[in-house]
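Those protein sequences? They're chains A and B, same order as listed. Adding 526 to a residue's 1-based position in the first sequence gives its number in my numbering. Adding 17 to a residue's 1-based position in the second sequence gives its number in my numbering.
The reader is advised that the hints may include incorrect statements.
[As the list claims (entries may be wrong)] Calculated pairs, BS3-like style, for lysine-lysine (alpha carbon to alpha carbon, straight line, at most 30 Å):
| id | chain 1 | residue 1 | chain 2 | residue 2 |
| --- | --- | --- | --- | --- |
| 1 | B | Lys158 | B | Lys83 |
| 2 | B | Lys61 | A | Lys555 |
| 3 | B | Lys197 | A | Lys534 |
| 4 | A | Lys707 | B | Lys83 |
| 5 | A | Lys528 | B | Lys83 |
| 6 | B | Lys83 | B | Lys246 |
| 7 | B | Lys61 | A | Lys640 |
| 8 | B | Lys61 | A | Lys528 |
| 9 | A | Lys528 | B | Lys60 |
| 10 | B | Lys60 | A | Lys534 |
| 11 | A | Lys555 | A | Lys534 |
| 12 | B | Lys83 | B | Lys60 |
| 13 | B | Lys158 | B | Lys197 |
| 14 | A | Lys528 | B | Lys158 |
| 15 | A | Lys685 | B | Lys83 |
| 16 | B | Lys158 | A | Lys534 |
[To be verified] Here are the computed distance ranges between Cβ atoms for each label pair:
| id | chain 1 | residue 1 | chain 2 | residue 2 | range |
| --- | --- | --- | --- | --- | --- |
| 17 | A | Val623 | B | Gln35 | 25 to 31 Å |
| 18 | A | Asp621 | B | Asp47 | 36 to 42 Å |
| 19 | A | Pro552 | B | Val107 | 18 to 24 Å |
| 20 | A | Gly609 | B | His257 | 46 to 52 Å |
| 21 | B | Lys60 | A | Leu679 | 51 to 57 Å |
| 22 | A | Ser678 | B | Lys60 | 24 to 30 Å |
| 23 | B | His200 | A | Lys640 | 38 to 44 Å |
[As the list claims (entries may be wrong)] Quick partial rundown of chain A residues pointing at chain B, CB under 8 Å, derived from the structure:
| id | residue |
| --- | --- |
| 24 | Leu535 |
| 25 | Lys555 |
| 26 | Asp576 |
| 27 | Ile582 |
| 28 | Trp590 |
| 29 | Ala592 |
| 30 | Gly603 |
| 31 | Val606 |
| 32 | Phe615 |
| 33 | Pro619 |
| 34 | Leu657 |
| 35 | Leu675 |
| 36 | Pro715 |
In short, the hints are calculated from the structure, not lab data. For each residue, glycine too, the CB sits at the ideal point set by N, CA and C.
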Amino acid sequence: MKQAPELKLTPTPGQTIGPFYGYALPFEKGGELVNQAHPAAVRLHGVVYDGNGDVIPDSLLEIWQADEHGNVVSRDGSLVRDGYTFTGFGRVPVDNVGHYTFTTVNPGPTEAGKAPFIMLTIFARGLLNRLFTRIYLPEDTEALANDPLLASLPEERRKTLIATREEDGSLRFDVHLQGEKETVFLSYPRES
Amino acid sequence: MSNEAFNNAHVLDPAASQATQEQITGEITDIHEAYRQEVLAGKKAETQPRVDFAPYRSSLLRHPTKDLHHTDPETIELHSPAFGQRDVHVLESDLTIQHNGEPIGERIVVAGRVLDGDGRPVANQLIEIWQANAAGRYVHKRDQHPAPIDPNFTGVGRAITGPNGEYSFTTIKPAPYPWKNHHNAWRPAHIHFSLFGTDFTQRMITQMYFPGDPLFALDPIYQAITDQKARDALVATYDHNLTSHEWATGYNWDIVLTGSNRTWMENEEEEH
């Protein structure tokens, strides 16, 4: 692996989203990457918890993902949804009991044999900088076993990144900011 | 409305509001001094806020205790959602024209550029801002600070960056406001900024501050950035070239995102 090149500029520091984003960032159909009537529509949902195991009622989540065929799309229209165009981006605030819901599709593998995942970004009051993680689909166990990120984690930590498939086909993915079940959060090259 | 009460909006631990400013400032000073010693001993400068910063009480149970797991970005992480004129109307960057009348307060222009860590402009990307009004009040039902709401000011703006990463918002200078981190806690005046890059790994939310604010030293959110030079990067510069005759004063603020990984990783693939 080649070394990531040095940055020329120092990235601007992040700050917490604070408590008052609710009238600014959420937008109509923010969580509907596809319409519920879409034949491949899947519910992705879960709860965001703090270090005491209490729900966090003021967190905002964003997802970014490939379509069901594994294509990474580049289409505008996320903020003003027409109900037909898949843009791959979604944003929802959690509700008063920390629960979030997206309506989306299962992302396809971007290359044959790759484990499909959804990228998740977490913002919250009390969280001083955003957190990144991945939501892996649980089905392709061989691809999951070969995934370089998952392979680099101990079993207990690894499972925090894999969603559960519920009986009705929904994907369940809880986020634990802290504690025994703390979710694995990611850093990437060239952050500083 | 009961579940939207002020009490559960700001305070995680009710006892937290009993700390004095002196106690909070003392904690900040101790952490900063320890950081200064580490840097003198050769440690690399910290250019992002600590997520574990006890003077900001709400962070106590809301930060990961394990190190972030370093990974090389793949596929979706090397790209970013696209936004355009379909998403954002050009007038959404003027926060002073969203109602029938003129908002009260000091009209300002905040303008600058969005760059990536290589100094390249981030063009055609979404910037969102939100802020309190000239009295320090947000149009948010959880904000119960007894300062007036301005019927002519919502405090939300959006823009798409230009070809050189440039942006410009016309708005009203926000005021400081009280919060419940500790007794007599006040936030320095700020505008929240939300930014996207060319890779989703560059996604960030931050706050822009105004030069010379006397509340800087007292604020545990701003001071969670332990490095003075890094903290300074969140403060806009008064720019008389952005000030317009008999209309508005101007502030310049450039934002630098992290480095894109797409270019160098794609080049590497081609070399194989």
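| field | Which numbered hints fail | value | 1, 2, 3, 7, 11, 14, 16, 21, 23, 25, 33
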